[in-house]
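Visitor: So you can see what is in the structure, the chains are spelled out below.
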Amino acid sequence: MRERQKRDGRKLFFLSIIIVFCILGGVVFFVANRISIEMSTSAIYNLSESLDLIRNTVETILKKETEYQKFIAEEIAASEDPFEFIRFYKNKQTMTKISLILVGEKEGFSSAGEKFTEQDLDFSSNKEVNGMHISQSYLNDMGTWAYTVKCPVVKDGKELGTLYIEYIFDFFEDTLPNKFYNGRAVLYIMDTKSERLVLKPTGMGERDAGHLDLEDFYRANSILEKNLQSEIAVNIHEGKEIMFYHDIQNESSLIYMWPLNDGVFYLIGYVPVAAIQQEGRSVNHNILIVVIVMLCAFFLCCLLYSFSRKQQDRMRAEREAEREVHNKQLAEALQAAQIASNSKTVFLSNMSHDIRTPMNAILGFTTLLARDADNAAKVREYTNKITASGKHLLSLINDVLDVSKIESGKVVLTIGEFTLSDLVSSVDAIIRPMAKDRGQSFHVSVTDIKHEYLLGDETRINQVLINLLSNAVKYTPENGNIWFRIIGLKQYSNQYEHIRIEVEDDGYGMTPEYLETIFDAFTRAENSTTNKVQGTGLGMAITKNIVELMGGTIDVFSEVNKGSLFRVDLELRIPREQTDQQYWQENGITRILAVDNELEICKSIQMLMKDTGVAVDIALSGEDAIKLAEDAIENDTPYQVILLDWKMPKMNGGETAKKLRAIIPQTVPIVFLTSYTEDEVEDEVFLLENVDFLAKPFFVSAFKEVLCKLADGGCEDETSEGSENENSLKGLHFLAAEDNFINAEILSELLNIEGATCEIVENGQLALERFARAAENEFDAILMDVQMPVMNGYDASRKIRAFEHEKHTKHIPIIAMTANAFAEDVKDALDAGMDAHVAKPIDMELLRKAVNQYIERKE
Amino acid sequence: MLACSMAIVLTACGKPDIGENLISDEREEEKVVNVFGPMEKTKPNTKNTSRTAFDLTVEMAEEELGLTVEYRTYTADNYQEKTYDEVALDRARNNMDDFYLLNPDTIQKLGYEGKLLDLSELDNTKNLREIVRTANTIDGKLVAVPQEVVVYGLFINKDMFDQYDVSIPNTPDEFLACCKTFKENGIETPIGANRWWLETFVLAQAFADLYNGGNTREEIDALNRGEAKYSDYMRPGFEFLQELIDKGYIDAKAAYTYEAIEGEGPDFMAQKTPIVMAYWGAANTETAYGKPDFNMQVIGFPSERGQMPVVPITGYGICAEAEHMEDTKEVLNTIISDEALQVYAETNKVISPSKNVDVECVPALQPLKDLVEDDIYVLGSDANMKLEQWGNTCLIVRELLNGATVDECMAEFDRLQEELLKE
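Protein sequences appear in the order of chains D and V.
Taking my numbering, I'd label the letters of the first sequence as residues 1 to 859.
Taking my numbering, I'd label the letters of the second sequence as residues 1001 to 1423.
Note that these hints are calculated values from the structure, not bench results.
Bear in mind that the values here come from a model prediction, so they are computed numbers and not experimental data.
Glycine residues also receive a C-beta, built at the ideal position from the N, C-alpha and C atoms.
A couple of the hints might just be wrong.
Going by beta-carbon spacing under 10 angstroms, a handful of chain D positions derived as facing chain V [to be verified]:
#1 Glu38
#2 Ser42
#3 Thr144
#4 Lys200
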């Protein structure tokens, strides 16, 4: 309804505009027309006035000429010899010839000295100027149109003769307007009797036909109507003024014929109507311009108004769109917040569940422990389970703290040199038992790696691998397979090894929906199959953050019930000095033989050994190996080491080794390459001399260790074994600053178990005071909590160190024992003057190592 | 917006400042050069190409020199009135104009009278072809310079020739045979003629050998010295004309009164007459034979040496006592510059007097152009001949048309030659 009203209103508005414009147009037309008519009348009047003026001028000239002629006639009459007077007359501009014929004679003389008769002149029209007869126009001997006026020469009332003076029409040229109506009007002087045009316009563009006579004028200007021509002829005969409209060269024109000197001559010509109405047209043009400008202005206003409306509408639409976007964002934010809140709620719920489960175990078992305190076997069982639950609880807490730290950007990578060999073996050592427990097959492969020694945060890489692999173990059913691959990719830079780590399983897999959130914190795959799997759901978030922190990428591909593939790409810096060629040179190893039925493995060995300067020949079967070995001996370039795959088709490693041993000397070590799961080594192999085993995948460092072991029972880094006893805390006396009573008691009990004693103080201040009072060597070390009332552990340590410095006492080891377990906390502790940092909950093994390290130094 | 627009319009249309009530006449005195030329009494709304071409060059001069060239004209209303040449002579003798477009006979008369300025001093005359320079040099003075080399030829209606199976005539006999065929086929007057241009037939036959025989200089000298008689040269041509008249191939009475083109042109265009004579430019201009409804060709006049174009060199001459002498010299120098002549030749499709300008002509003119380019032509006027040829022959031919015998005409030539020798 409203829309219809709006439409009607718009129609009315446009209708009113049209009416207003029609009225305006009518008024303008009326005014313009009126102006045109008035100006036209005025223009014709002006034209008539101009023609009158020209006529008056011409007639005045004619009159003056005749008056002068009279004067000359009087002069001649007064002169003694009239002919002498004429002979000496000098031609003037207007009068080109003077002639005299005496009364009674037919011939006379002219000023040119020649004879003159009236025969050549035509005075038959009897027309007069100022009472003197004027001849018909003629072409004179100067080649221009002329006329002659005659007058009597009278002396004392007696006529002596007749004076003839010739005048040329060219003289009138200067009296006519130069550019009549801006050169658009044409003016001729016509001799009425002969109808010849005796004075014509000059100048370029005026030379087309029509200049000859009246007939030519009619013909040239298409004035061909006989009636009109007759009417004109009558008027000319009567010496009347004539003016009429006619088209000349397709232009409406006004033709005028104005008699001069009672019609002796005629001023004829034409002017285009447009030329005489120029002013009127100019006014109308101006009116038109004003109207057009007003219309333009009006339409411009309409346009601006419309533009402004559109702009406003657009802005309104934009604002609304913006508001909608804003609302949508708010809704999304709200949704996100709700999801986050839900996630956190779920997380808290999970946490609550996950924390309560081990806590429940701990508390439950402590209850059982209290009940069965007398049963040593049960006590051991309960404590074992309490310990396991506690460790699980600790790992939960560590994960939560890790995520919190990563998200707040506080993680710092500790870059150091490591070998892929150590990395793989440490991961293998952890995962393989786990997989084995679940009856899964764990496959490890390393291919195309060019550099084994790399720079990076080994601990974090380890953490990533453990996370991925432990997940693979968790989410793969029993008897499943897990593949762990390290693949060397094409290097972007010589300074970086580009590696790809792939962890693949044929386990439960993940839904596409879950894949989208797998790397988000606080998510965990929930289904009937995995519900029994415990975890915080933080592992993948931590993994992704660590990988990205190292500048790498992680991708995941998975299908439900088919398995998952995690792919981590990393670029790790290559240390300047890769391997020490020295070992190989010193031991005279320049040439070895690698035997494996898989070409890839052989090539990998070649690649890894490239930097050692050792030449590696490869054989893909036992038979080939024997042949190569024989050839080498024959060529006097024997192999110094044989690397032999244990499992090969046709001839296996053991059999090949036996045959090789028959060819090569005993001094040449044979190293069997076995997979980690390979346990079924034939006993008889151990009967062979100088053989050992190297787990796949092949690494130079591991290979070197095996060779060392074979050479002299182990290399130089066998230092720490067997020092277990030296790490005992037995007999040591500690000063412990611990504000928590329970923790203090636990510490005290644990130290007692270790055979050590301690004195507990409740804060740093007391620790400082006690240390100051202590006798020399009373305490072997100080165990310092950090967060304590009165004085914290950092301040206390600083003051103790200051005290030592001041009193010149011996340096006492201070070991931080705190729940602040991050690297930054360790750094802060060391900066405060402490010697070591042991995180709570206390791992007695770590404590032992730390204490003994410093006590030894003290000793 | 409306208010602003109104204000702007009203301001624009408003009165000038009240302080500016003194109106000064800022018109500069205009420089003017007067030229006198012929006027054709032809159709009112058609364009004359050669005049248009001249106008274009004059506009170049006006623009370059900042002056106005004013054009005065004359044409006789009928044969009894003074001719253009007579009026041009009168006007030049009375210093009425600054420069004139003159026919060859007028050039020669005024040149010998010393009424024309020596134009050798104009820079652009150095580009002139030798034929032009030779024809217009009198007593060592170059007295006139043309904008085109005017070549006269026979304009034939090739369609009619084909219709009556008439071949193009080369010799006088062939021409007579050709006219006979037309006559027998009912063409009342095979040759359209006027009182001006019939002398071309005579001159072609008279001087074909003189100009193409390789002995030109000597033969002219003999004529000038009176050792040879003009009448001997002219007789064959006159007799030939007489035969054409006698056999009714030319209407002598009509021709005696006809102005050029104006008289004979309409019949030729209406395909009543198969042959007329005219100058080269007539083939290009609407006012003459520019747009025929038939296949037109332009060929040379018949002579014993074959077709012969007749080249009377016209030209612009400056009055020796011109009122606006310096301006006139500059105007003439400009309109005969290579640039102006290029414009002229392109507009008018003519042979340029400048050796540096050459343009293509319409196909109808190609036969004539080929002859001229092969140096086969007869000069219609030659200042080296003391007896003026173009005008005198024209007048004597007119006498022939008026009933005089060939002998009487030859006697007139002898008389003129004798008078000249007496001088």
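Visitor: Is the shortest C-beta separation between D/Ser42 and chain V less than 10 angstroms?
Guide: Violated, because the Cβ-Cβ distance from D/Ser42 to chain V comes to roughly 19 angstroms (cut-off 10 angstroms).
Visitor: Is the hint on D/Lys200 kept, meaning its closest Cβ partner in chain V is under 10 angstroms away?
Guide: holds, 7 angstroms
Visitor: Going by Cβ atoms only, is D/Glu38 closer than 10 angstroms to chain V?
Guide: Since chain V brings no Cβ nearer than about 18 angstroms to D/Glu38, farther than 10 angstroms, the hint is violated.
Visitor: With a cut-off of 10 angstroms on the beta carbons, see whether D/Thr144 makes it to chain V.
Guide: holds, 6 angstroms
Hints 1, 2, counting from the list given before, are not met by this structure.
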